[in-house]
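Chemist: These are the residues of each chain, in order.
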Amino acid sequence: MLFNSFLFLLFFPSICVLYFLLPYRYRWILLLVGSYYFYMNWIPVYALLLFLSTLITYVCALLISNSEDQSKKKAYLIFSLVSNFSILFFFKYFNFINTSVFELLTQFNLRWEVPNLKILLPVGISFYTFQAVGYSIDVYRGELKPEKHLGIYALFVSYFPQLVAGPIERATNLLPQFRQKFDFDYTRVVQGLKLMLWGFFMKLVVADRLAIYVDAVYNNADKHDGLSLIIATLFFTVQIYGDFAGYSYISIGSARIMGFNLMMNFNQPYFSKSIAEFWSRWHISLSTWFRDYVYISLGGNRVSFHRWQLNLLITFLVSGIWHGANWTFVIWGTLHGLFLIFSNITKKYIFRQDYWQRLSNNSSLYQGFQIITTIILVAFTWILFRANNVSDAFLIISKIFTTAGVPFLGDSRSYMMYALMSIVLLFTVEYIREYYPNLTLLDNESVQVRYISYTAMAIIIMLFGVFDGGQFIYFQF
Amino acid sequence: MNRQLLRFLKKLAILGLILYATDFTIGNLLEYFYFRINPSAPAYFTTYALNEADEDVIVFGSSRAQHHYDPTPFESSLHKTFYNTGKDGQGILYSYVVLKSILERSPKPRIILLDLNPNEFHSTQADYDRLTELLPYYHTNKVVQEIVTLKGPFEKFKAHSYLYRYNSQLLTILMHNLGTSGDDTEKGYEPIPGQVWKEKLKDFAQEEHIDSTEVRLFGQFIEEAKKANCEVYIIISPTYRKYQQQTRSTQIAQAICDKEGVFMLDFNQDPIFLSNRSLFVDPTHLNEDGATLYSKIISAELTRKSATVLSAYRAQVNTSLTSH
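The listed protein sequences correspond, in order, to chains A and B. Taken in order, the first sequence gives residues 0 to 476; the numbers are from this note's numbering. Taken in order, the second sequence gives residues 7 to 330; the numbers are from this note's numbering.
What the hints contain is simulated information worked out from the structure, not anything from laboratory work. All residues carry an ideal CB built from backbone N, CA and C; glycine is no exception. Wrong hints could be hidden among the right ones.
Claimed, not checked - Simulated pairs of lysine to aspartate or glutamate, EDC-like, Cα-Cα distance not exceeding 16 Å: (1) 248(B) <-> 288(B); (2) 164(B) <-> 467(A); (3) 162(B) <-> 139(B); (4) 16(B) <-> 467(A); (5) 193(A) <-> 442(A); (6) 147(A) <-> 137(A); (7) 222(A) <-> 288(B); (8) 164(B) <-> 205(B); (9) 114(B) <-> 230(B); (10) 193(B) <-> 288(B); (11) 148(B) <-> 110(B); (12) 162(B) <-> 184(A); (13) 204(B) <-> 444(A); (14) 208(B) <-> 110(B); (15) 204(B) <-> 288(B); (16) 17(B) <-> 467(A); (17) 222(A) <-> 272(B); (18) 311(B) <-> 205(B); (19) 248(B) <-> 272(B); (20) 302(B) <-> 139(B); (21) 193(A) <-> 467(A).
To be verified - Taking beta-carbon pairs under 10 Å as the criterion, some of the chain B residues facing chain A (in silico): (22) 19; (23) 153; (24) 156; (25) 160; (26) 173; (27) 206; (28) 207; (29) 211.
Unchecked claim - Label-pair ranges, simulated between beta-carbon atoms: (30) 277(B) <-> 36(A): 21 to 31 Å; (31) 365(A) <-> 184(B): 41 to 51 Å; (32) 111(B) <-> 426(A): 25 to 35 Å.
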């Protein structure tokens with residue numbers, strides 16, 4: 000079920016009404032059934048995979064906890080990780096590896112063909128697998144006691160607001176909340192609704208509007224020239240933010256209405272002054288997951304300088320692979336890793352003086368330069384993220400640098416105006432949040448201002464939203 | 007009841023009222039100005055087609071109809087008035103709505119030309135989504151209501167919102183009420199001058215998933231037109247693509263035409279056009295030169311066929327008079 004579908008507008012209020020009507024002890028049943036129903040709206044049979052992943056991590060966590068022997072604990076953890084990642088590998092990466100191996104062997108005149116699997120990727124498999132695996136590791140590390148109630152644990156893995164595209168929650172944060180008693184709380188409910196409203200704006204008004212242009216250009220890259228490709232790349236830079244952050248806001252808002260606090264996933268990422276800062280503001284739940292379970296496991300930065308850089312590169316390479324079974328994602332992740340390494344090297348060997356730090360702290364012009372440079376680098380990597388394949392990505396990059404051409408302006412005269420208007424609106428709000436956090440409209444002290452803001456936002460969504468935009472980009476991961 | 011819940015419900019009701027009033031007021035304002043946009047605006051063509059078109063010869067179809075049927079040759083050879091209701095991005099769903107709306111009025115057209123795409127019945131959700139263009143007519147046109155609800159099960163609920171009906175129309179309404187000129191058209195026909203397709207002829211094979219709703223509406227289109235005593239011609243205009251075999255959509259359309267006794271003219275692989283890419287702007291659209299040539303060919307063909315139909319009709323009338 001999509002958040003931007005009419006069905007969700009019926010489903011969610013019904014769940015909320017029942018949730019607050021039911022006695023506390025039965026609420027987990029409602030949420031669990033609701034979550035599986037939500038998931039089964041795509042391909043019902045894939046709910047079995049969700050359940051399998053739940054069952055494996057549940058049993059393994061209990062075994063890890065009950066075992067005294069460290070080697071046995073490790074064996075259970077390895078079993079949990081291997082079985083979960085095997086499912087993920089089979090459904091997400093088999094065809095990619097198979098095709099890559101076939102193409103590699105063909106280079107050496109060897110022909111070893113295994114037919115590709117004709118299966119659809121289970122929605123959200125990377126998200127719930129990581130959440131469940133994170134739980135296993137937490138129990139193994141002793142940071143968390145295992146959940147004995149299978150129903151509650153199953154709800155942790157499948158909780159519908161964050162099931163298919165995150166935020167990837169930590170068991171330490173979310174699991175205990177399923178045992179808390181939440182009454183209807185006016186302030187919390189209104190907060191949640193505001194977050195959802197903003198999320199719908201980002202998705203329907205910004206992301207889906209820009210997607211029309213991006214799809215038209217990127218799916219016919221060979222027919223477009225440099226200027227159109229630059230516009231499409233910049234639009235995609237905003238689209239992916241609107242799409243994914245929009246989803247996250249709706250997710251966090253809907254959970255908050257019911258009383259649950261999910262972690263914030265975005266924090267004005269396009270105001271970052273470096274790639275390192277960008278990753279502390281973008282898809283925070285995934286970045287911190289990789290930090291806690293991959294980067295730190297590799298030794299983090301408490302190793303030699305060279306090893307530290309290697310750890311960074313490995314972490315971003317894995318992050319790229321996590322995003323998708325395509326070489327474009329591998330290169331995308333690697334590029335981000337290389338940017339960070341480059342930054343570390345320059346900091347260590349070139350810009351060691353405090354002068355640069357002082358300049359960064361005091362000069363708004365220099366800060367602006369840093370922000371724009373970061374956006375350009377991030378936008379450049381989005382080319383790989385969005386391109387349909389590596390050859391398309393290189394074609395787009397080469398065209399951007401070699402041909403200007405006449406820019407394509409969309410199918411209708413008004414399209415570009417709607418697109419630009421949505422970008423200006425989004426970044427005005429982002430700018431205010433970044434630099435004037437106390438200046439808010441939806442949370443304004445004046446009731447009149449608040450009501451005018453709600454109404455204006457609703458009108459903007461109804462008048463300028465794209466209601467046939469389809470699913471969220473991150474569902475494919 | 008929980009006091010916080012009561013407070014919430016009270017405020018929600020107030021907000022609901024404000025939203026309803028705003029939706030009603032702004033929606034009605036938009037409606038007022040939408041139906042006053044200048045006649046060169048693309049949206050005006052839909053209004054004209056649905057509410058006013060009463061010409062003798064009317065063309066229906068997609069962008070291929072809109073860009074391929076030049077009124078001049080038709081008017082001079084058939085000596086009848088002409089209008090082109092073809093619309094960018096639309097297909098049989100839109101054509102059906104326009105036909106039914108026209109047939110509910112008098113006088114009815116005498117000749118109906120429906121331009122089909124070679125892959126007409128191979129449709130996706132996007133084809134249904136484009137029906138959004140008809141939402142401004144939702145509350146006044148029953149056929150629009152019937153067809154727009156095919157978009158999805160919840161469309162009829164969404165269409166209750168006045169604002170939703172004018173989604174993405176604000177700038178169009180503003181621009182075309184403030185005198186911005188629209189498309190350069192003549193009786194619905196929009197030529198594409200000065201552009202020439204430069205790529206070589208390529209094979210085209212598309213896997214076709216046939217949409218049964220579109221097939222059904224195509225059949226109904228012909229039935230309705232025949233019921234209104236119109237001469238109906240189904241035409242597939244030229245493409246600059248090499249098809250190795252007839253598409254399934256064409257086969258289905260041909261079978262329905264044969265059953266209904268309707269002429270189907272297939273110019274899809276016509277050698278005059280296949281050998282001359284300078285008549286196209288892209289593989290599926292003729293440029294102005296191509297459209298002029300094509301319209302001359304079609305109008306001549308129609309004059310012949312129309313004469314045959316007329317003489318057959320006269321013979322039938324004479325026989326019936328003699329027998330009486």
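Chemist: State for each hint whether it applies.
Modeler: Against the structure, the hints:
Between residue 248(B) and residue 288(B) the CA atoms are separated by roughly 13 Å; this keeps the pair inside 16 Å, and the hint holds. Taking the CA atoms of residue 164(B) and residue 467(A), the gap is about 12 Å. The hint holds against a cut of 16 Å. For the suggested pair residue 162(B) and residue 139(B), the alpha carbons sit about 15 Å apart, so the restraint of at most 16 Å is met. Only pairs whose Cα atoms come within 16 Å are accepted, and residue 16(B) paired with residue 467(A) is rejected, the gap being roughly 32 Å.
A C-alpha spacing of about 9 Å is found between residue 193(A) and residue 442(A), which places the hinted pair at or below 16 Å, so the restraint holds. At most 16 Å may separate the alpha-carbon atoms for a hinted pair to count; residue 147(A) and residue 137(A) meet this at roughly 15 Å. For the hint linking residue 222(A) to residue 288(B), the alpha-carbon distance of about 12 Å falls within 16 Å, and the restraint holds. The straight-line distance between the Cα atoms of residue 164(B) and residue 205(B) is roughly 44 Å, outside the 16 Å bound, and the hint therefore fails.
Pair hint residue 114(B) plus residue 230(B) holds up; C-alpha atoms about 12 Å apart against a cutoff of 16 Å. Taken as a hint, the residue 193(B) and residue 288(B) pair is broken in the structure, with Cα atoms around 23 Å apart against an allowance of 16 Å. Restraint check: the Cα-Cα separation between residue 148(B) and residue 110(B) comes to about 11 Å, which is no more than 16 Å; the hinted pair holds. Under the criterion of a C-alpha separation no larger than 16 Å, the hint pairing residue 162(B) with residue 184(A) is inconsistent with the structure, at around 34 Å.
For the given pair, residue 204(B) sits about 62 Å from residue 444(A) by alpha-carbon distance, which is inconsistent with the 16 Å threshold. Taking the CA atoms of residue 208(B) and residue 110(B), the gap is about 43 Å. The hint is violated against a cut of 16 Å. Distance check on the hinted pair: residue 204(B) and residue 288(B) sit about 8 Å apart at the alpha-carbon level, within 16 Å; holds. Distance hint between residue 17(B) and residue 467(A) is unfulfilled; the C-alpha atoms sit about 30 Å from each other, more than 16 Å.
Taken as a hint, the residue 222(A) and residue 272(B) pair is broken in the structure, with Cα atoms around 29 Å apart against an allowance of 16 Å. For the hint linking residue 311(B) to residue 205(B), the alpha-carbon distance of about 35 Å lies beyond 16 Å, and the restraint is violated. Between the alpha carbons of residue 248(B) and residue 272(B) the distance comes to roughly 14 Å, so the proposed pair stays at or under 16 Å and holds. Between residue 302(B) and residue 139(B) the CA atoms are separated by roughly 31 Å; this puts the pair beyond 16 Å, and the hint is violated.
For the proposed pair residue 193(A) and residue 467(A), the alpha carbon gap of about 23 Å is over 16 Å, so the pair is violated. With a least beta-carbon distance of about 13 Å to chain A, the hint placing residue 19(B) at the interface is violated under the 10 Å criterion. Of the supplied interface hints, the one on residue 153(B) is violated, with its beta-carbon coming no nearer than about 16 Å to a beta-carbon of chain A, more than 10 Å. For residue 156(B), the interface hint is violated, the least distance from its beta-carbon to any beta-carbon of chain A being 13 Å, above 10 Å.
The criterion of a C-beta within 10 Å of any C-beta in chain A is met by residue 160(B), whose closest approach is roughly 4 Å, and the hint holds. Satisfaction of the interface hint for residue 173(B) is found here, the shortest Cβ-Cβ separation to chain A being roughly 6 Å, below the 10 Å cut-off. With 10 Å as the threshold, the beta carbon of residue 206(B) stays out of range of chain A, its nearest partner Cβ sitting at about 14 Å, so the hint is violated. Among the interface hints, the one on residue 207(B) is violated; its C-beta lies about 17 Å from the nearest C-beta in chain A, farther than the 10 Å criterion.
Of the supplied interface hints, the one on residue 211(B) is violated, with its beta-carbon coming no nearer than about 19 Å to a beta-carbon of chain A, more than 10 Å. A hinted range of 21 to 31 Å for the beta carbons of residue 277(B) and residue 36(A) is inconsistent with their spacing of about 58 Å. Look at residue 365(A) against residue 184(B): about 44 Å separates their beta carbons, and that is inside 41 to 51 Å. In this structure, residue 111(B) and residue 426(A) break the distance hint of 25 to 35 Å, their C-beta atoms being roughly 50 Å apart.
Violated hints, in rising order: 4, 8, 10, 12, 13, 14, 16, 17, 18, 20, 21, 22, 23, 24, 27, 28, 29, 30 and 32; the structure is consistent with all others.
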